[in-house]
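These protein sequence lines are chains A and B, in that order. Residue numbering for the first sequence follows the working numbering, beginning at 1271 and increasing consecutively. Residue numbering for the second sequence follows the working numbering, beginning at 1271 and increasing consecutively.
No lab work stands behind these hints, which were simulated from the structure alone. Hints are supplied without guarantee of correctness; some may be wrong.
As the list makes no split between identical chains, a pair holds if one copy fits it or if it spans any two.
[As the list claims (entries may be wrong)] Straight-line alpha carbon distances no greater than 35 Å define the calculated DSBU-like cross-link-like pairs of lysine-lysine that follow:
| id | residue 1 | residue 2 |
| --- | --- | --- |
| 1 | Lys-1631 | Lys-1375 |
| 2 | Lys-1659 | Lys-1784 |
| 3 | Lys-1659 | Lys-1407 |
| 4 | Lys-1563 | Lys-1318 |
Below are the chains, spelled out letter by letter.
Protein chains: 2
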Amino acid sequence: MNKSKVHTPRSFVEKIYLKGELYPYLKVGMKRVNLTPTVEVIMGETMKTENPPVYLYDTSGVFFDSQVKVNLAKGISPLRSDWSWEGLQIETVVDKCGIERKQAKQGTIATQLFYAKQGIITPQMEYVAIRENLNCKELGIDSFITPEFVMKELAAGRAVIPSNINHPEAEPMIIGTKFSVKINSNIGNSSTSSTLEEEVEKALCSCRYGADTIMDLSTGSSIYQTREGILRNSPVPVGTVPIYQALEKVGGVVANLSWEVFKETLIEQCLQGVDYFTIHAGLLSAYIPLTRKRLCGIVSRGGGIISQWCELHQKENFLYEHFDEICDILARYDVAISLGDGLRPGCISDANDEAQFAELKTLGELVLRARGKYVQTFIEGPGHVPMQKIKENMDKQIEYCHEAPFYTLGPLVTDVAPGYDHITSAIGAAQIAWYGTAMLCYVTPKEHLGLPNKEDVREGIMAYKIAAHAADLAKGHPAAMIRDNALSKARYDFRWRDQFLLSIDPERAEAYFKEGKLLEDDYCTMCGPNFCAMRLNRERKSNVKGK
Amino acid sequence: MNKSKVHTPRSFVEKIYLKGELYPYLKVGMKRVNLTPTVEVIMGETMKTENPPVYLYDTSGVFFDSQVKVNLAKGISPLRSDWSWEGLQIETVVDKCGIERKQAKQGTIATQLFYAKQGIITPQMEYVAIRENLNCKELGIDSFITPEFVMKELAAGRAVIPSNINHPEAEPMIIGTKFSVKINSNIGNSSTSSTLEEEVEKALCSCRYGADTIMDLSTGSSIYQTREGILRNSPVPVGTVPIYQALEKVGGVVANLSWEVFKETLIEQCLQGVDYFTIHAGLLSAYIPLTRKRLCGIVSRGGGIISQWCELHQKENFLYEHFDEICDILARYDVAISLGDGLRPGCISDANDEAQFAELKTLGELVLRARGKYVQTFIEGPGHVPMQKIKENMDKQIEYCHEAPFYTLGPLVTDVAPGYDHITSAIGAAQIAWYGTAMLCYVTPKEHLGLPNKEDVREGIMAYKIAAHAADLAKGHPAAMIRDNALSKARYDFRWRDQFLLSIDPERAEAYFKEGKLLEDDYCTMCGPNFCAMRLNRERKSNVKGK
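This is chain A alone, in the form it adopts within the complex (with noise of 0.2 Å):
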């Protein structure tokens, strides 16, 4: 990542880290933007009012911060390399590249959830707390958000943070309900497109443009490299979809895929740093047939294969089949579980349908036995869903899966956008989140059409932050509304510049203002300055105050 890009200076918007009290040594960063006064004229009369600073959630990581010099070819710091706590046995192992990796030690277990419910708070647990408390120290606000709370939330299973042990670059985040909303970026080359480098640089940008999460979704050659590159330097948690890379390994022919190689590849990838895999052992044979009445269908891909390989054999998913060995790998690594909805709906006609719910009741039934190995879970769920039917999802949610949060992608609201899919999706978005879930998968405009560009994902970012946040306002997070009255105060105020630094996407910001003009005036081109509502409002107000 270019630091020129970040071309605010220092003084406006800058890193900071603040300390941990159970853990002195956690450095938990974010961003402080430093806010300049309020001016006004009351009745010809100068005021000028200090306006405090707003910290924003960063994901960034390092790469906001103009101190640290990044070497990507090295990879970033590995923040959490020594964090330990009370129980946990580590053991170094060497992986089939020669690397040394980490385990716990054989019988025991490093996963958030085997600590939370014996009471234990980990760095992690209070990392995240301080992480999600933006500005209510500061400003005030008593936060229900402890790390007490957290380790109670993630006892419960109503919250995750997946932390991986082999990826120590990650800052720990949280993903549940009661938690801000987070977003993931889908990255990841297909066959027929896209380089190593490209895909390193598209999760980078995923980070600094506002991803919670990555998710390599490689199907192409060089995927161990690929992964490689992107976990060493990524400051975010990383997911996988396991199943496309044991395709690869027995050449693409469903036919040829055996728990042997996905067992192999589980534990390649726990080695290597993942910090969830979305496994699609729910989808079990009984529900295909459900599926044939469909407009579309099966449009998941680990959904197709599966159902594929369970046809071929006549046997049942050897997912599900294996689900508590698999269990017993993560638990080593605290890699966490996302379930994979196989049979999501992929269009307004298939939503909330048998299959759907069908597997859906099942994924419930994994969470409990997930749970009973200290595995931290958590769902997927669809797709396209008109918005009268994205309740329901909601609530059968919660209802079959015990709580365990929720991970949508979208819902799309509408099948007729093609090319504009961020849109259609991020609504669906706004709304589930609304209702209770944790994590948005974005969409980008590409869906449906083409393997996204970093522009792409930016707009794809973009749309879901708006989502995320809105739903973070309707639910009432403690620190959300802070942000959104500093930016309209500021533009209220015409501090451009303080608008565009609390603004999701600060630098576009900028240049659509400046597209019309110069930024020194206190106007824009939208109404020219005889029109400007906010212009005549203050002339009022600075005429009639005290009347």
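Assemble chain B onto chain A, guided by the hints.
Frame of chain A, contents of chain B only:
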């Protein structure tokens, strides 16, 4: 508009016209997409199934008809110039520029509401009934939307057909909660940018991309000429905010505004053919102090002007004082009133406050006064509203405003995304339209930052077409899902061209698809051929059929 831009062969998509029954001379234009057959290979045998054509609502008028040559200087053909019905009495007058215009004879009324109340079905009513029932007749779907139903909705004040007798170029369209949700595109130059030609071009682009009405918000010079260019070429109703031109007439000095100059402006615009006026008659001087505790005060341009005028003169809003006279004027041309919300909230913090709802109550009072004069009326709404407060806006509007149609600007569900406010507002727009809003005023990516260019207009319209269509689906409009299903079936069949033609922006969908690869192959670069779930699904299906 350059016809060559519509580069799809006529045999795939064409302009067709449906006849009226009550008024056989009616030619109701729409697009027909002629689809290719579905080709399946089942157990080695190739099967072909025809797909019926799909009719699409078309706002682009003759601009999509390749048989019609348009001369922008002359204007398009006046579709409604010969339309008449029982009781209508029209006379000819000459306007300030010497052009012949029409008005209802002294003491008579030209409005659709007047005739609806007498049980008379006008050509407009039959036209919109045919227009709304896309595909219903052809597919044997029983639709409740008949000319009688349209008449009854108009008579009850629950729907409006803006249809100035001096704008015969405009096709009738209906704004009401029981009909498809409509969208408006705002155009118009400000004092600091854009030319007459650019604004006419933006107006035509708006219709081409799908705007159901356009509002000319010009505030700079040449207001009359810009408006004439737009009106004579616009196949959709045109709205304005007459106070803008009135203010230009008094040199931009708010204190010099008066009822007399406003009245003169109204008549000028009625004669020219404007179909609806935003009039901020509900902003009473008593409500102004309620805005003082706001974070952003008054953000409506009209609201800012009126409140400043009230305070300078220490008088009541002259639009409120002269409201009955306004109605008497408008009734002679059938200009509808869009009651402006001068106190709409301009940020999340100000949403649903006392000032906003006080004005809304007065708008409800004015609805009854306008109905007493047979003037068609609808109500403008916010603005900036967080998701959890949107429903209250709709509920209160229905309660206070006697079921008059609601016409909202967004609402934007967060303040933090300048540069992306087409998305923040499409999220709110989709929701409020689902709850019952009849028309959505678009927001472009340039909102809060500058005047939109043609590409911004396109982005804004597409975001709003998505929101409107999503709401049609959610409300169960009889014709809405046909298009989604046809597109999704085309997607599943790999009928790419059909998919593009059924999408809201065929050019963009096709361009994005082509960015990656050739049109002929059965996959896109997103997943590549090996990981295409739809392909896997079809392979499964072709193997297991009949099992």
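Evaluated hints:
1. Lys-1631 - Lys-1375: within (34 Å within a copy, 70 Å between copies)
2. Lys-1659 - Lys-1784: between (42 Å within a copy, 33 Å between copies)
3. Lys-1659 - Lys-1407: between (39 Å within a copy, 27 Å between copies)
4. Lys-1563 - Lys-1318: Close across copies (19 Å), not inside one copy (67 Å); limit 35 Å.
Hint compliance for this structure: every hint is met.
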